[in-house]
Amino acid sequence: MGSLYSDHPTWLHGVPAGVKLAFLALLGTGVFYTHALAVLLASTACCVLIFASLGRATLRAKPLLMGLVLASVLIGLFHLYMQQPWVGAVSVLRLLCTALMGMALTLTTRYNDLLRVLEWLLAPLRVLGVQPERLSMQVALMLRFTEHFFVVWRRLDDAHRLRTGKAGGFKILAPLTLHMLMAARRVADTLHVRYRR
Amino acid sequence: MALVSLFAALIAVFGLIPKIDLPLGVPITLQTLGVMLAGCLLGPKRALQALMLFLAAVAIGLPLLSGGRGGVGVFFSPASGYLIGWPVGAWVTGMVMHLLPRATPRGAAISAFLASAVGGLLVVHVFGVVGLVNIANLSWEQAIMGTLVFVPGDLIKCVLCATVVHTVARGLPDWRLGG
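Chains C and D, in that order, are what the protein sequence lines are. The opening residue of the first sequence carries number 1 in this note's numbering; numbering runs sequentially from there. The opening residue of the second sequence carries number 1 in this note's numbering; numbering runs sequentially from there.
Don't read these hints as lab results, they were simulated from the structure. Just so we're clear, the structure is a prediction, and the values are computed from it rather than from any experiment. Ideal Cβ positions, reconstructed from N, Cα and C, are used throughout, including at glycine.
Now the stretches of chain C that chain D is said to cover, found in silico as 3 or more residues with beta-carbon under 8 Å: (1) 130-141; (2) 147-160; (3) 175-181.
Go ahead and model the full structure; you've got the sequences and the hints to work with.
So this is what it looks like as structure tokens:
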């Protein structure tokens, strides 16, 4: 399964993942604390410029961008209908600001780099028994099995279609879950034998 | 660890089934069924871990949400309240399932319906409403009215969850439902 990361090089690719995440956290907090339309307009303009400066790298985010535009239009229209245009403008600007920067971060940061930042952030939880280094292994396992279960889903659907002439739909949900639980047992046994965990 | 990863994978597979977009920019997806199933089948602790792992994978940019959405940006969208509510909802579902009787397949199915209605429906919607109020700037009344649109669909998911739990209780009698 591919990530939303874009290989097309941009200036933002060179900025460390931790710095980008910290900027996003600060921006997100900032725009949610302010109600000043001028500040929000200026922030959104900056975010749009930063996003646009990524050029062809943004093509990968086209479906996400369409969703963002749709959500913004719906929220704006709803507030206009409720005769609260100012509230609508503030909501839409906040949404555009944070979502565009979130997309910029995703497009320009490899998931391994973000994983390393997450592990670093989780490191203080080691005293509570959390093992941050497990995170990367769990993500890898999860991705491997997402593809596997999708194939199983397709096989069950095909088998149901052959038997009944109709798509399986929700009827194959229970067999899929049973298959998944049995696979989980086998994998858990293997991991226990291999890693003692 | 395997169960947590594999359940997170199952939730991701549910995301490959097409979503339906509703007004206010919040989609109806089958992934909330994954939240309910995680609580009922894994118990509170592992269900919470599975959902945290899934959201961590989304946050690092993997397109695992329905419609191929992913990345940090989704946590700033109007639906973010629902996303943040998923781990808590899964935990509450697991807790309720753990407390209710589940000795027979029928009893387990009824318990699963109640547990998913409390955790996967009520708790997730409370978080969703808070998200709509804060991000879409709706009033509490408007947000509650907006979220009510999802309730019939989520009740169907509770029934589906109960059906799956019933099948698991019959097919894998030694499986510890609710952890």
